Amino acid sequence: MRYLPLTESDRRAMLDVIGAKDVDELFRDVPAAARLAEALPLPRHQGEMEVERAFTRMAHKNLSAGCAPFFIGAGVYRHHIPASLDQLLLRGEFLTAYTPYQPEVSQGTLQALFQFQTQVAMITGMDVANASMYDGATAAAEAAIMACRVTKRNRVILSGTLHPHYVETTETSLRYTEMTAEALPPDPLGFEDLLGRIDAATACVVVQNPGFFGGVKDLRPLAAACHGAGALLVVMVAEPTSLGLFDSPGAMGADIVVAEGQSLGIGMNFGGPGLGLFATRDKFVRQMPGRLAGQTVDVDGKRGWVLTLSTREQHIRREKATSNICTNSGLCALAFSIHLTLLGETGYARLAELNHAAAVRLEGKLKAVKGLRVLAGSYYNEFAVHLGDDVDAAQVVDALADRGILGGVPASRFWPSWPELRPVLILAATETNTEADMDSLVSALKEVLS
Amino acid sequence: MSGQPTLSGNRGLQIEEKLIFEMDNPGSVAVDLPEPGPIDLDRMGGVARRGRIGLPDLSEPQVVRHFTRLSQKNYGIDSGFYPLGSCTMKHNPRLSEKMARLPGLADLHPLQPQKTVQGALEVIDSLAFWLKELTGLPAIAMSPAAGAHGEWCGLMAIRAAHEDRGEGHRRRMLVPESAHGTNPASAAMCGFTVDPIPAKDNGRVDLDAMKAKLGPDVAGLMLTNPNTCGLFESEIIEIAAAIHGAGGYFYCDGANFNAIVGRVRVADLGIDCMHINLHKTFSTPHGGGGPGAGPTVLSAALAPYAPVPYVVHGPQGLELVEGAREGAKPFGRVKGFHGQFGVFVRALAYIASMGADGLRQASGDAVLNANYLQASLSDALTASFDGPCMHEALFDDRFLKDTGVTTLDFAKALIDEGYHPMTMYFPLVVHGALLMEPTETESRETLDQFIAVVKGLAGRAKAGAAEDFKAAPRLTPRRRLDETLAARAPVLRWKAST
Amino acid sequence: MSDTRFTKDHEWISVAGDIGTIGISDHAQHALGDIVFVELPEIGRHLAQGAEAAVVESVKAASEVYSPASGEVIAINQAIADQPGLVNEGAEGAAWFFKIRLSDPAELAGLMDRATYDGYLKTLE
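Chains as they are written, first to last, in our numbering: chain A, 1 to 450; chain B, 1 to 498; chain C, 1 to 125.
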């Protein structure tokens, strides 16, 4: 077996040193009744060729995004990833290293994390960012919990603009605690009244911008209302390329910014792994969950980096830790950082413009589809459309798939029991979409809706 | 000559590397993007960005060289022996990477119509099948993102099961003192209070002390097995019977499942749920801290409470259940979408490569390698417990008594010898712990060389070379770093003025 | 500091009139190592005996400071919050943590005097 270096003669010689008859003897602490005498009756080992064949077969059962006009977003976005990124990611010193607890042999990971933290703080407009959470959903939940810790209050308001998975994950996280979540209904038109709900018991309001249905808002009035009531404003960014074009949440007054970082440098991978971004103000840093890389010097006075402020974390604080998180999304953070480094200030802004322009172009073309109306008045690279009162968007998406087009996400996939959302379809356009893709979508929609 | 400073500050292959922010060359581009079409300011909600962010501009050659140089300041499994106890640093097959990059698996959106992703659902279903077979438990929650997340998921299922039976008052979770810190932290997040249970002199749970803690408010027990001392809990069946007898559930922390996979099914030990670190047992890369994956197997009693989503076999093929369904009482959702799919592909490719026979051989070799280390080093170091260990060998610092050398110094000296240190000062139940996990992917030659080095260092420590140890490491890009300074005056990001 | 009394959690309290000054023992600062962070209670907060009042952290450890007696917090030592290293230099003197107005001086009888505390430390070795 190619991954196992020991030969039978190695094993024999090693057992002699140990003074054991056979390997089974080393398992003598296992209750005899539970010991398996031989391998389970399951498939045996295979060579690379056989494994590749089996996986290629499974891969061919899927319609991959590159093989279809593709307009799906809703929390995972398809962007072009520069070729150099994956080559760097595959360097074994990054790929096969552990968490950088031994700083002398981990300066590469640590410096990369320090740069990542800086980039995240910059684009979110915050003072400080951590070294990552699992994904956007868990970052949102952790932000709500942190806001309760900071304010010593227990009520969390979740906007109807928040991705439904983030809502569910946050509700689940609070389910067996003193904290409660009040989730507002889905808000495709941007009409919800958050300001009227904030009171002296509110720990935070969690709002997504651009919203789940695409809308972009100035959050300054909301920030002022939160702060006036002693609550925090948590802003979720599900599409971080948008920050190349819009004011940062920090500039609008956010106290905690969380994001799903998948858009930059990380493939879609059927939804995981993602990358949770988490940023806040300096004054709250000790209430933050997750690892932090910090700058220091070595015994020779040279600049270097270590993991720091670890007393917040589970391996020291145990049940009093700010979170139970240990393993995070290290390699995804590296991918995000490499992509943002390749883009730079110039490329990041350009990428965001391209995305917005793609959506504007798509909106323009969709005017040709009778009965369809775009719901959002403002958007980045994604918007919800209403297909007509009697239309079931799920059936339309299904019919588009039959024509080889991956044409958005029906809102009913998340809210199956909301009839008013049945005709709502969420469409995204990114820099990867061509004119021809859009024309295919439009003509197929016309056909399906006629 | 070797100590003479160079003009550049570099030393051969050790090249000093600035921060990207210090290399900014405005106007440089590393990505050629087309001219954007018209931007519609009316569509931007009045919040179009004004002003710069401050990101540096670099060219592609600079970026590639920068990150390559950073990588060279790291030690990975590809670099050498990484005996980091409890972390399972073993060879990461590149076939798994190749499979995870097949466009038909990588370039898929989680919200595509299900009929267009039957192959992806097959990956999830096949991996779930293997994990259930290998543990003997009938159900699984695939979505947890890492070990600690799986712990929380399992404990949420336990809490939900108690609530559903009208026993929501069961809030006390028994956790051994030697547990990973994630265990009490996860328990606290489910509203449980943590009640520590002591260990016996042989490093195992004190069964009598545990029984004395049982009562009508006990929700369950969290136990790592093999435990954090690298020992199998030999009374585990009695432990399971005791916790079940008291109306509680038995959570197993599966961080060390790699020691027993293919040799023991945890269902046969009386365990109700266990998370599995795919990045340990099934050899997906640790990536400098993640991503991992922590699927959690569940007994029939806990199965109804499994979180969404999950895959079922339906009339039209595989179906992803994302919401309420007859007979199920999911406690909720633990993350976005359907789990760490990219990690699933790698783990399944590893499992397919190893097969049932290979997995059993791997756990046997892992335990053999650890016992070989323990036996070979027992003269030079002080083993904490008698008898065979499982996948890791635990030593304490008695062998360093009166040498002036600490466990930390000893570990740092190993760095200069070309090794990643072992785990230090964990588990806490042993003084000055040195925990070594060789894994099954190390050759006898590698182990013999390591053994010789460790013996040599122990000899030097006893011969009074404490000052040399205190000065180690000398040969790394950076020597010992001032962690006190880092924590007292935190600098957590670069700023233009500094 | 002959009137200083100690707890099993290594806090000390020194009383003048109805004001108690509270800190951590020299043994505690030594066991923690380099102190990097101190969090102090809010002035005006009422603490019950044994309540969590402050936090003291080194790089690898965090420890709660419990109030040795009940009372209202009337002063905090901002200097140690600004420069946590002071705790390593003068734990039982200048690096006091906070002062309370005692609400039940009788509680002090349950604490250890210096000699008893020294004896207690010997049992921990």
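Take these hints with a grain of salt, some might be off.
Below are the DSS-like pairs computed for lysine-lysine, each with C-alpha atoms no more than 30 Å apart in a straight line [claimed, not checked]:
| hint | chain 1 | residue 1 | chain 2 | residue 2 |
| --- | --- | --- | --- | --- |
| 1 | A | 365 | B | 18 |
| 2 | A | 283 | B | 211 |
| 3 | B | 470 | B | 401 |
| 4 | C | 60 | A | 283 |
| 5 | B | 462 | A | 61 |
| 6 | B | 470 | C | 60 |
| 7 | C | 8 | A | 446 |
| 8 | B | 401 | C | 60 |
| 9 | C | 60 | B | 200 |
| 10 | B | 98 | C | 8 |
| 11 | A | 446 | C | 60 |
| 12 | B | 462 | C | 60 |
| 13 | C | 122 | B | 200 |
| 14 | C | 8 | B | 211 |
| 15 | A | 21 | B | 470 |
| 16 | B | 462 | B | 115 |
| 17 | B | 462 | C | 122 |
| 18 | B | 115 | A | 370 |
| 19 | B | 455 | B | 470 |
| 20 | A | 283 | A | 152 |
| 21 | B | 495 | A | 283 |
Hints listed in this document are in silico derivations from the structure and should not be mistaken for laboratory results. This one's a predicted model, so the numbers in the text were calculated from it and none came from an experiment.
Checked hints:
Proposed proximity of residue 365 of chain A and residue 18 of chain B is contradicted: the alpha carbons are some 47 Å apart, above 30 Å. Using a Cα cut-off of 30 Å, the hinted pair residue 283 of chain A and residue 211 of chain B is violated, with the two alpha carbons roughly 45 Å apart. About 15 Å separates the Cα atoms of residue 470 of chain B and residue 401 of chain B, which keeps this hinted pair within 30 Å; it holds. The hinted pair formed by residue 60 of chain C and residue 283 of chain A meets the criterion: a straight-line CA distance of about 21 Å does not exceed 30 Å.
Using a Cα cut-off of 30 Å, the hinted pair residue 462 of chain B and residue 61 of chain A is violated, with the two alpha carbons roughly 63 Å apart. Proximity of residue 470 of chain B to residue 60 of chain C is assessed by CA-CA distance (about 19 Å); at most 30 Å being required, the pair is judged to hold. Annotation: proposed proximity of residue 8 of chain C to residue 446 of chain A is violated, straight-line Cα distance about 78 Å (limit 30 Å). For the hint linking residue 401 of chain B to residue 60 of chain C, the alpha-carbon distance of about 22 Å falls within 30 Å, and the restraint holds.
For a cut-off of 30 Å, the pair hint linking residue 60 of chain C to residue 200 of chain B stands: about 26 Å separates their Cα positions. For the hint pairing residue 98 of chain B with residue 8 of chain C, the CA-to-CA distance comes to about 58 Å; that exceeds 30 Å, so the pair is violated. Of the pairs offered as hints, the one joining residue 446 of chain A and residue 60 of chain C is violated, with about 64 Å between alpha carbons and a cut-off of 30 Å exceeded. Simply put, residue 462 of chain B and residue 60 of chain C have alpha-carbon atoms about 27 Å apart, close enough for the 30 Å limit, and the pair holds.
For the proposed pair residue 122 of chain C and residue 200 of chain B, the alpha carbon gap of about 24 Å is at most 30 Å, so the pair holds. Using a Cα cut-off of 30 Å, the hinted pair residue 8 of chain C and residue 211 of chain B holds, with the two alpha carbons roughly 28 Å apart. Between residue 21 of chain A and residue 470 of chain B the alpha-carbon distance is near 42 Å, which puts this suggested pair outside the 30 Å criterion. Pair hint residue 462 of chain B plus residue 115 of chain B does not hold up; C-alpha atoms about 67 Å apart against a cutoff of 30 Å.
For the suggested pair residue 462 of chain B and residue 122 of chain C, the alpha carbons sit about 28 Å apart, so the restraint of at most 30 Å is met. For a cut-off of 30 Å, the pair hint linking residue 115 of chain B to residue 370 of chain A stands: about 28 Å separates their Cα positions. Distance restraint check for residue 455 of chain B and residue 470 of chain B: the Cα-Cα separation of roughly 18 Å lies within the 30 Å cut-off, and the hinted pair is therefore satisfied. The suggested pairing of residue 283 of chain A with residue 152 of chain A holds, with an alpha-carbon distance near 15 Å, which does not exceed 30 Å.
The suggested pairing of residue 495 of chain B with residue 283 of chain A holds, with an alpha-carbon distance near 17 Å, which does not exceed 30 Å.
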